[in-house]
Amino acid sequence: MNAQTKITPATHSLITPRVKEILSWYESDNPGTKANLYRLLMTGRLAGTGKLVILPVDQGFEHGPARSFAPNPAGYDPHYHYQLAIDAGLNAYAAPLGMLEAGASTFAGQIPTILKMNSANSLSRLNEDADQAVTASVADAVRLGCSAIGFTIYPGSDAAYDQFEEIRELSAEAKSVGLAVVVWSYARGGTLTKKGETAADVIAYAAHMAALLGAHIIKVKPPSDHLELDAAKKAYEKAKIPVSTLSERIQDVVKSCFGGRRIVIFSGGETKNDTNALLSEISQIAAGGGFGSIMGRNAFQRPRDEAIDLLGKIIDIYAKA
Amino acid sequence: MNAQTKITPATHSLITPRVKEILSWYESDNPGTKANLYRLLMTGRLAGTGKLVILPVDQGFEHGPARSFAPNPAGYDPHYHYQLAIDAGLNAYAAPLGMLEAGASTFAGQIPTILKMNSANSLSRLNEDADQAVTASVADAVRLGCSAIGFTIYPGSDAAYDQFEEIRELSAEAKSVGLAVVVWSYARGGTLTKKGETAADVIAYAAHMAALLGAHIIKVKPPSDHLELDAAKKAYEKAKIPVSTLSERIQDVVKSCFGGRRIVIFSGGETKNDTNALLSEISQIAAGGGFGSIMGRNAFQRPRDEAIDLLGKIIDIYAKA
Amino acid sequence: MNAQTKITPATHSLITPRVKEILSWYESDNPGTKANLYRLLMTGRLAGTGKLVILPVDQGFEHGPARSFAPNPAGYDPHYHYQLAIDAGLNAYAAPLGMLEAGASTFAGQIPTILKMNSANSLSRLNEDADQAVTASVADAVRLGCSAIGFTIYPGSDAAYDQFEEIRELSAEAKSVGLAVVVWSYARGGTLTKKGETAADVIAYAAHMAALLGAHIIKVKPPSDHLELDAAKKAYEKAKIPVSTLSERIQDVVKSCFGGRRIVIFSGGETKNDTNALLSEISQIAAGGGFGSIMGRNAFQRPRDEAIDLLGKIIDIYAKA
Amino acid sequence: MNAQTKITPATHSLITPRVKEILSWYESDNPGTKANLYRLLMTGRLAGTGKLVILPVDQGFEHGPARSFAPNPAGYDPHYHYQLAIDAGLNAYAAPLGMLEAGASTFAGQIPTILKMNSANSLSRLNEDADQAVTASVADAVRLGCSAIGFTIYPGSDAAYDQFEEIRELSAEAKSVGLAVVVWSYARGGTLTKKGETAADVIAYAAHMAALLGAHIIKVKPPSDHLELDAAKKAYEKAKIPVSTLSERIQDVVKSCFGGRRIVIFSGGETKNDTNALLSEISQIAAGGGFGSIMGRNAFQRPRDEAIDLLGKIIDIYAKA
Amino acid sequence: MNAQTKITPATHSLITPRVKEILSWYESDNPGTKANLYRLLMTGRLAGTGKLVILPVDQGFEHGPARSFAPNPAGYDPHYHYQLAIDAGLNAYAAPLGMLEAGASTFAGQIPTILKMNSANSLSRLNEDADQAVTASVADAVRLGCSAIGFTIYPGSDAAYDQFEEIRELSAEAKSVGLAVVVWSYARGGTLTKKGETAADVIAYAAHMAALLGAHIIKVKPPSDHLELDAAKKAYEKAKIPVSTLSERIQDVVKSCFGGRRIVIFSGGETKNDTNALLSEISQIAAGGGFGSIMGRNAFQRPRDEAIDLLGKIIDIYAKA
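Residue numbers (the numbering used here), protein chains in the order written: chain A, -6 to 314; chain B, -6 to 314; chain C, -6 to 314; chain D, -6 to 314; chain E, -6 to 314.
Worth double-checking, as some hints may not be accurate.
[Unchecked claim] Residues on chain C that point at chain B, a partial pick, calculated with CB under 7 Å:
id, residue
1, I8
2, R11
3, Y73
4, L90
5, A152
6, A180
7, A228
8, T238
9, K248
[Stated by the list, open to error] Below, simulated DSSO-like cross-link-like pairs (lysine-lysine); rule was C-alpha separation at most 27 Å, straight line:
id, chain 1, residue 1, chain 2, residue 2
10, D, K187, A, K226
11, C, K214, B, K187
12, D, K313, A, K227
13, C, K231, B, K265
14, B, K226, B, K265
15, B, K214, C, K227
16, B, K227, B, K265
17, C, K227, B, K187
18, A, K188, E, K13
19, E, K13, B, K13
20, A, K187, A, K231
21, A, K227, D, K187
22, B, K265, C, K214
23, C, K227, B, K188
24, C, K214, C, K227
25, C, K226, B, K265
26, E, K27, E, K313
27, D, K265, A, K231
28, E, K188, E, K233
29, D, K227, D, K265
30, E, K187, E, K226
31, A, K187, E, K226
None of these hints come from the bench; they were simulated from the model.
Note that CB positions come from ideal geometry on N, CA and C, so glycine has one too.
Let's have the full structure, built from the sequences with the hints guiding it.
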């Protein structure tokens, strides 16, 4: 039948086997949440690969505007970040309430957004072990057309238990209205040393807790080769879990999130001048089975052309993984 | 900077000036609703053109399963319609609760869906002038990941005032959670003759009422050259509004919806054997500035290949308009 | 490893491929509702076959106690029916609030129960075309440990639209707390003749409407070979849908429920003295792909031994289908 | 009537006198809760015996993923545990929110589940005496189709009073929607020595408090022959309550839970290499009238075949008791 | 009719390009909120310029009546302040509940009002770092016909996180009923020195946080040339952000509020005897792109004529900017 041959395929909706497989993991979620996970996975240059690169701009809350935006003053304007995420072909853009409100109508539908619902700030003397303020609501996410809520937990801190109860309530509400839930899980405080915050065992543990709390997408820092907790160290050694390369550690973190049944992405961390080192890190994340990167300062603190170039290279790495 | 040149554009999100213009008309809506209008306008082969072709499958409620699906038995299966809408490159798929539930998870995110919230049925002796039952809720639309609710009103019928109050409440709730509102406006009952139901003045009037009720997208039948209401007839004659060609009448209907500031689409009506006549009608709708078609029986009652071929030709007409 | 060989399989939980397939159709339901559908499909002698035989005892409301229970006075005692359903190896027992309350604790967990939420009664002068009173709540179903709610609609009656709105609300609430929804769909009133109530086209239409309303399980009467509605008749004839044998008509009804993606069961109707005729009817239902029977008066109005014998034969028929 | 002889008994629903007796103890509970207790008691190879073996997998929260799953990496996948519990013929599977969500749909209805609602974690410096975060809700348990909620209390700790108030509220809500309540009762903190945490008097006391709080099922650790509290010691000695064998101590714990009117089960504790010692402990628990075991690490940290073998032996011991 | 010729055009409604531009920044707000922002921007002698001078009288709560009103006893009467704001041609008047209630009817509609919803007081020993009581509701603002709510946050204080959550809720409610939100953002407490409270970096940071929290209008103190936070200092130096003149610092604060997409106004601070110094400060605020002043004690603690004279000079400066 030559009818078929005349039809141009509706390329945007060509769901891939990999995206189908990923969506099947979220088996207790309603179709609304699945549709938003679909949007996150089917947008941008990585659409359909099951990989994600996300632009987060919540550093203003945590570090103030000058530290965040002075290196590339175009970033003072919230529209800049929406456009950067779109033009670089990213999967999503994450920011606090005010930042999203300032562009949500202009860019409605053009890029999936994640409403970052809590934030710390560096003025507070409670900054390390403290709670973060919850500065937005699920109703805000709905009226702003977001695809997901984002929430930070600090496992290990004195505030962790309160945070777990906050995310429980926000997550239940978000899921009931078809939103996805992204959890930033940063171990800190408690018995942890500073070095321990990014230890291989601690990152895997923090990621696992986020999965247990019901997160759809989990964001952690790339783990170091340090093992912090004695009991965990023994377990790693006995089971001969390799942690000497970043790629091996990423594999362990991914496995720790329900044997790979949850999306885990990794932060880019502080601004790095050595682009090659940054790209090499991304390569190892990709090689280890990481689902992608959430790249803030390394993206928006560069001139736009350089940022798009860098994000393009990162996307290329994940696209080939 | 040759960085730019290396970047493959994220084609899916290339909003066009026309879609931007259309979205600007919905100026009191929140970004969530705009994002859903964006999805309706940026999906399928007509993405970006400002035109829409939508597949509605609610005839089972109104005419029963045999009259609806026996001509092409594949249509008994709800998954068939999702896939048809996707493969034909349509903008959206509209159906009642059960039909959507039966495929909402399998096709989550792949095609914008419209939850048809009320329906008449041909068993009722109240069918002409009666109310329709509201068979779904806005909460259903949210959990199923729909982009819009759909609602039928019968201006002129004894039930119209109740229907106007129902759509008022459903519409307010839908808008508050970022959904779009599609109103099927079919004048009938009251003092109208059967011929009057599709009269040029009556269709324009019914479309205008839907706009006044706050609809984002309005669906009416293609108007005939009959003028039903005496007072209206005088006005048309005095102002020399041409209604002799379908294209002229479409122009009048579109103008009647806030001077063109609302999306108006036209139904395909009963199954037509004469495809050329059908395509000619579409050409005139397109020439008159109609925003598109909602094509049910003429799509799903044909064999799939023929349906995709026909829908492809309809899309081609709108794409060139 | 001979460890495996020592293990007696946990026979109760051997889900079958057929039950897995049936559960996959209910793709937008939460795991709680799926678990209750599982219970309905994995209980009794038909466990695992995808077939169901259910005992309904709501005739007391509709016909009064003497017409219902005098033929077999043991049935005045609510415990009798629970025990009958269990001993006969049925899948479930359905009854109004009071009947369930009177045995729910004694028989807790022993047989899935369906809380019949509305009922007509023969004292009312509104009996044919009227609404039924809603006599229980979803909260009642939850506290009584029911697996499903049951609800009757009368498509075609003047009350139908109100009933559709009632089941919309009850169904949404039931699904949110993990219950299944069973809809008894009996066309009557409106333009229908008495003969038309069981016409092949009308039964298929009534079943289709229940599916559109979101029912998980649909109960209708076995259809006759009459075709009631002119337009439907034409469609049946044009598509050459065979309706001369009951088995063919059952096939058409099942197909009319989303191409077979919903469970449709058939009532046993009035007490029949001719057991062979009854079993022959069941054989044709089974041959046509019907999912089972809901057998009230033909079960509980016989002496217990005869009832168990008859139900055993019915089960045997479905087990072989 | 030889009709009876033809009926194959519906084996799954043959409630036993022992299960009837146990259900009769929960005399103020609604039929919904009784139905869930029935499911817990009538599932698996111990169905009908009044004994239970349950698989709990909440160690990931408390010890992290590597310590929990590295010994048997198949356990990183949540589906593994559902299948293990089913294949080993256990009564139920208990886990935190995320673990259940990841398999609740695939395994819906196949095994009763217990939603573990709070958890400690070993990163916190507050781990011994502190509260646990409540990481799920009763509404989650309902939508996931769970049979019970599970909650840990630390009698003796500074957080105990808060925990008692939390379980009061969660328990009341769970009972109102027909769920059962399982309380993990672990005395710690306050004036207790480390040795005192498992002292015979303290375990009995902790179990009694859980019973007083309204638990349907109580989980404690197997008691040692140490008596911690002076006043209790005098009472034990005066009344000549024997505590020299584990079996005697189990008898005392069971008696302490309303003279045997509540189900008390015992944890398996840390991974034991000496299987004979483990089975001998189970034998003594069974001999003392313990209702069963909740066996986590000793089950899922072994290779699957060994786990099924071991659980089979444990079940055999209880089946003979 | 020469009556017409006598009509002075309703100057207040001649929206200017600048006001249109400002309103366009608030793109996710509903038309009700935009109408109130319009009122604030189109009232008084600065109507249409995009600049605002506002009279706040909430010092009674914070400093007591004598310190506030004894210098100009006419100010004890709430009507005095309404009339002063009107007669001086200001844009709005802000005060706590009781102050507004005492004149809201007399002056209804004559001047936009801002209901100041929280206040500290100098009796409390918690005054520096503590929370403020929320002393009014959004419903109060609505019934009093206010255009906005006003709310104070203390970023850096231990109470800040609670305040962020309070303003999140009040702001969401206010926006939903079409009110604007004005946030007074005063960094204090935590790790800040006294000097640091008005440091250039800290003021910019405090203003940015208010913007992130969703404020429409942000009020801060004029920044000093001190840089408080080490990390910020480095960022300022590296990016060569000039902060030596007030005008430069104002520019940095405005830029820190979404690149100029939010209205930022500056307080007049304590009563200044040196009017020239005060006016010079205003000139620099205006030169730096500040949107206006909120001038309390320097206005109402002077005799009315002097106040009107001073406010007139301030308005003149902004009008020329």
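task = Provide an ascending list of the numbers of those earlier hints which the structure does not satisfy.
result = 1, 2, 3, 4, 5, 8, 11, 12, 14, 16, 18, 22, 29
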